[in-house]
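There are 2 protein chains.
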Amino acid sequence: MLEGTKPVDNVGLVEPKTAHFSESLALASGSELHGFDIVYETYGELNKERSNAILICHALSGDHHVAGYHTPQDKKPGWWDNAIGPNKAIDTNRFFVVSPNNIGGCSGSTGPLTTNADTGKPYGPDFPLVTVKDWVKTQTMLADQLGIDVWAVIIGGSLGGMQCLEWSIAYPDRLKHTFVIAAAPKLSTQNIAFNEVARQAIRSDQNFNDGHYYENDNKPELGLMLARMLGHITYLSDDALDEKFGRELRDGEIKFGYEAEFQIESYLRYQGRAFVGRFDANSYLLLTKVLDYFDPASETGGSLAKALAPATAEFLVISFSSDWRFSPERSQEIVSALLDADKCVSYIEIQSKQGHDSFLMPIPRYHQVMSTALDRIAEGLGIA
Amino acid sequence: MLEGTKPVDNVGLVEPKTAHFSESLALASGSELHGFDIVYETYGELNKERSNAILICHALSGDHHVAGYHTPQDKKPGWWDNAIGPNKAIDTNRFFVVSPNNIGGCSGSTGPLTTNADTGKPYGPDFPLVTVKDWVKTQTMLADQLGIDVWAVIIGGSLGGMQCLEWSIAYPDRLKHTFVIAAAPKLSTQNIAFNEVARQAIRSDQNFNDGHYYENDNKPELGLMLARMLGHITYLSDDALDEKFGRELRDGEIKFGYEAEFQIESYLRYQGRAFVGRFDANSYLLLTKVLDYFDPASETGGSLAKALAPATAEFLVISFSSDWRFSPERSQEIVSALLDADKCVSYIEIQSKQGHDSFLMPIPRYHQVMSTALDRIAEGLGIA
Chain B
1 MLEGTKPVDN
11 VGLVEPKTAH
21 FSESLALASG
31 SELHGFDIVY
41 ETYGELNKER
51 SNAILICHAL
61 SGDHHVAGYH
71 TPQDKKPGWW
81 DNAIGPNKAI
91 DTNRFFVVSP
101 NNIGGCSGST
111 GPLTTNADTG
121 KPYGPDFPLV
131 TVKDWVKTQT
141 MLADQLGIDV
151 WAVIIGGSLG
161 GMQCLEWSIA
171 YPDRLKHTFV
181 IAAAPKLSTQ
191 NIAFNEVARQ
201 AIRSDQNFND
211 GHYYENDNKP
221 ELGLMLARML
231 GHITYLSDDA
241 LDEKFGRELR
251 DGEIKFGYEA
261 EFQIESYLRY
271 QGRAFVGRFD
281 ANSYLLLTKV
291 LDYFDPASET
301 GGSLAKALAP
311 ATAEFLVISF
321 SSDWRFSPER
331 SQEIVSALLD
341 ADKCVSYIEI
351 QSKQGHDSFL
361 MPIPRYHQVM
371 STALDRIAEG
381 LGIA
Chain F
385 MLEGTKPVDN
395 VGLVEPKTAH
405 FSESLALASG
415 SELHGFDIVY
425 ETYGELNKER
435 SNAILICHAL
445 SGDHHVAGYH
455 TPQDKKPGWW
465 DNAIGPNKAI
475 DTNRFFVVSP
485 NNIGGCSGST
495 GPLTTNADTG
505 KPYGPDFPLV
515 TVKDWVKTQT
525 MLADQLGIDV
535 WAVIIGGSLG
545 GMQCLEWSIA
555 YPDRLKHTFV
565 IAAAPKLSTQ
575 NIAFNEVARQ
585 AIRSDQNFND
595 GHYYENDNKP
605 ELGLMLARML
615 GHITYLSDDA
625 LDEKFGRELR
635 DGEIKFGYEA
645 EFQIESYLRY
655 QGRAFVGRFD
665 ANSYLLLTKV
675 LDYFDPASET
685 GGSLAKALAP
695 ATAEFLVISF
705 SSDWRFSPER
715 SQEIVSALLD
725 ADKCVSYIEI
735 QSKQGHDSFL
745 MPIPRYHQVM
755 STALDRIAEG
765 LGIA
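If you read the sequences in order, they're chains B and F.
Residue 1 is where the first sequence starts when you use my numbering, and the numbers rise one by one after that.
Residue 385 is where the second sequence starts when you use my numbering, and the numbers rise one by one after that.
Quick caveat, the hints were computed from the structure, so don't treat them as lab data.
Owing to the predicted nature of the structure, the values given are computational and were not obtained by experimental measurement.
Here a beta-carbon is modelled for each residue, glycine too, at the ideal position from N, C-alpha and C.
Check the hints yourself; a few may be wrong.
Pairs of lysine-lysine residues, derived as DSSO-like cross-links and limited to a Cα-Cα distance of at most 27 Å, are as follows [claimed, not checked]:
1) B:K17 with B:K176
2) B:K306 with F:K517
3) B:K219 with B:K48
4) B:K353 with F:K570
5) F:K628 with B:K306
6) F:K737 with F:K459
7) F:K570 with B:K244
8) F:K639 with B:K121
9) F:K505 with B:K255
10) F:K517 with B:K255
11) F:K737 with F:K690
12) F:K603 with B:K219
13) B:K186 with F:K727
14) B:K353 with F:K737
15) F:K639 with B:K133
Here are some, though not all, of the chain B residues that point toward chain F, as calculated from beta-carbon distances under 8 Å [unchecked claim]:
16) R199
17) A201
18) D217
19) N218
20) L226
21) D238
22) F245
23) R247
24) F256
25) Y258
26) L285
27) L291
28) Y293
29) L360
30) I363
31) P364
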């Protein structure tokens, strides 16, 4: 259903919940996690048949707070509030939406900030590296706890789209549909290269101290800021930056010095600083590694079609014309492999200016595509 | 003349020369430089008519050592040896090639490393910021000293191409032709953004010490290394990186740690470290600013055609299909403006895989285009 054809509202105040798991989790790396927590939010109601659940998988810097507000004083809602809510593209009047924070992050689920019971101190750099496979496994455990055997839809953008692919491969019986948005079947060499520069920026920060900085007054803020500034450039398109900032000067004239002279310089510094306030450097390092490692085709001799062979879900693959980090060509690789594997797939490239960040934007055509697909899914479930 | 149709040789051993200028140089910033040196090399012979001189303008990390070897032990020749020499694209049997190192650099011309006579210490961060305009002015002074009134051709790639544009605008009577290669009429917002991240990487290095690091044991090497790693990614195309490194692992398997795991990671670290050995951080900062500031159209109400109105040279504009730092579209902006200004211009987009770095590569079609143009120019000069 199109935004605007019904009154659009907000999910309102929401409270994060925590799911405890006391069992040991064997990770892809060979390490084990002796129990862990997943923080998550839910919006809407699970129906009696438990058939209307949608899982939202977040991207690199995302978390479980996807829609609504935590307090009436919050200035900003969750990161995908424009898409999720009553009568919105992902309609919480019909669907039960679940959004977990992945382990290894820094927003409440077990990760580097968590106290290691063995030492009484935060894990920090000793938190084991995890993979998309590990994340999806923990998400199945959360689904079990919530009594959701089969997701109506699993939706994710960017790194979230990689989780969609992994779900469809590893747990084909547990999802009916998946929306794989602005994703890639694996990082390109250039993607890994940018991640490596971000990691080196953090690790060479004088306050990084091999990741043991939690008890210090000074944290590796400059390194994390640099990593975010660099990331930010790659999330936006050249055109979007030109349109938004051009070569505009802060003071109307060149000052011949190293203070921010162009508006884009202040903007990047501002974005970098804001990020440092809400993110942990050890988590950022870990998350870039999760991205680097994802490559399901590596287990099937390089064939993505073979990797996707177990999948039974219906796929909707969405890309954005101006996305150069995960370009439409990367989405088309997924589509080709799905077609080669004889799977059910729809594909659309959305015209957009905002680069990779488009997947977070309320682009009418994009939201229309999702709501139309969800209308059809709701009809199939008898909940339209 | 095509490579291969005549024996191709090398200019052999060359010795840099130094031109001293004792007069004060008023810079665009309002600062003054009380005398300066320009280090340069020459290849070939200036003819009696002084009509066969070619000026080579270097890019960000280039210098005056463009062709030949400094010692018989040198493993690598100058940075554009593949294009310059007897019977090469830029044929030193016919042309007299001059290649200066720009002031503000760190290869011998006056710059941050130079001792400030007022203090007896290196200028360091007190070296004034310069512009392409300033550079071109110093190049006219060098030309005066060499007795070259008019250049047959001025050739430059990337930032060197910006110097070609400035020459054609500011000193139209002093050049007959110019080859503007892999250039742009000004940096895009994204270009400035990448430069800003590079600068912040250097300036936030714990050893930067506001640029006063020459007397310290530790230099801002990690910051300069990061800046170079980032630059390097943007000089290469996504495809070139994929082809060269793909997702190849150093040890054949994921190690789940922060040592370099993918080949691209070691390659970038290696490139970064090698650069630190030959470049000065203060110079790097200054050079990124030279790039940011260049925008001739800013003086003519945003019209590049108006900015180019004074030009009388014949232009050859060359771009490379895989260059995303200064894409073919940016070269086409120059071409359009030249056509609007009713100038004489030829344009070619060379098919290449190596991204922005293509302008340094011995791509046969590229060298053929230059040598064909130079054949015609030589004929016009009666030196063919």
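Hint-by-hint comparison with the structure:
Between B:K17 and B:K176, the direct Cα distance comes to roughly 25 Å. Compliance with the 27 Å bound is thereby established for this hinted pair. Annotation: proposed proximity of B:K306 to F:K517 is violated, straight-line Cα distance about 58 Å (limit 27 Å). Note on B:K219 and B:K48: the hinted pairing is violated, with a Cα-Cα distance of about 48 Å set against a maximum of 27 Å. Our distance criterion of 27 Å between C-alpha atoms is met by B:K353 and F:K570, whose separation comes to about 21 Å.
Under the criterion of a C-alpha separation no larger than 27 Å, the hint pairing F:K628 with B:K306 is consistent with the structure, at around 25 Å. Only pairs whose Cα atoms come within 27 Å are accepted, and F:K737 paired with F:K459 is accepted, the gap being roughly 26 Å. Among the hinted pairs, F:K570 with B:K244 is consistent with the structure: their alpha-carbon atoms are about 17 Å apart, no more than 27 Å. Note on F:K639 and B:K121: the hinted pairing holds, with a Cα-Cα distance of about 25 Å set against a maximum of 27 Å.
Note on F:K505 and B:K255: the hinted pairing holds, with a Cα-Cα distance of about 25 Å set against a maximum of 27 Å. A C-alpha spacing of about 16 Å is found between F:K517 and B:K255, which places the hinted pair at or below 27 Å, so the restraint holds. Using a Cα cut-off of 27 Å, the hinted pair F:K737 and F:K690 is violated, with the two alpha carbons roughly 34 Å apart. Pair hint F:K603 plus B:K219 holds up; C-alpha atoms about 22 Å apart against a cutoff of 27 Å.
For a cut-off of 27 Å, the pair hint linking B:K186 to F:K727 is broken: about 48 Å separates their Cα positions. About 26 Å separates the Cα atoms of B:K353 and F:K737, which keeps this hinted pair within 27 Å; it holds. Straight-line distance between C-alpha atoms of F:K639 and B:K133 comes to about 16 Å, which keeps the hinted pair within the 27 Å bound. For B:R199, the suggested interface contact is upheld, since its CB lies about 7 Å from the closest CB of chain F, less than 8 Å.
Hint on B:A201 holds. Least Cβ distance to chain F is approximately 6 Å, under the 8 Å limit. Look at B:D217: its Cβ only gets to about 15 Å from chain F, farther than 8 Å, so that hint breaks. Restraint check, B:N218 versus chain F: the minimum CB separation of about 11 Å is more than 8 Å; hint violated. At a threshold of 8 Å, the smallest CB-CB gap from B:L226 to chain F is about 6 Å, leaving the interface hint in force.
This hint holds: B:D238 has a C-beta 4 Å from the nearest C-beta of chain F, less than the 8 Å allowed. Checking B:F245 against chain F by beta carbon gives a least distance of about 5 Å; that is within 8 Å, so the hint holds. With its C-beta approaching chain F no nearer than about 7 Å, B:R247 sits inside the 8 Å limit, and its interface hint holds. For B:F256, the interface hint holds, since its Cβ comes within 8 Å of a Cβ in chain F; the closest pair sits about 4 Å apart.
Satisfaction of the interface hint for B:Y258 is found here, the shortest Cβ-Cβ separation to chain F being roughly 7 Å, below the 8 Å cut-off. At about 7 Å, the closest approach between the beta carbon of B:L285 and any beta carbon in chain F falls short of 8 Å, and the interface hint on this residue holds. Restraint check, B:L291 versus chain F: the minimum CB separation of about 12 Å is more than 8 Å; hint violated. For the restraint placing B:Y293 at the interface with chain F, the shortest Cβ-Cβ distance is roughly 6 Å, inside the 8 Å limit, so the hint holds.
Interface hint status for B:L360: violated, as the beta-carbon distance to the closest one in chain F is roughly 19 Å, over 8 Å. The closest approach between the C-beta of B:I363 and any C-beta of chain F is roughly 21 Å, which is over the 8 Å cut-off, so the hint fails. Against a cut-off of 8 Å between C-beta atoms, the interface hint on B:P364 is violated, since the closest Cβ of chain F lies about 26 Å away.
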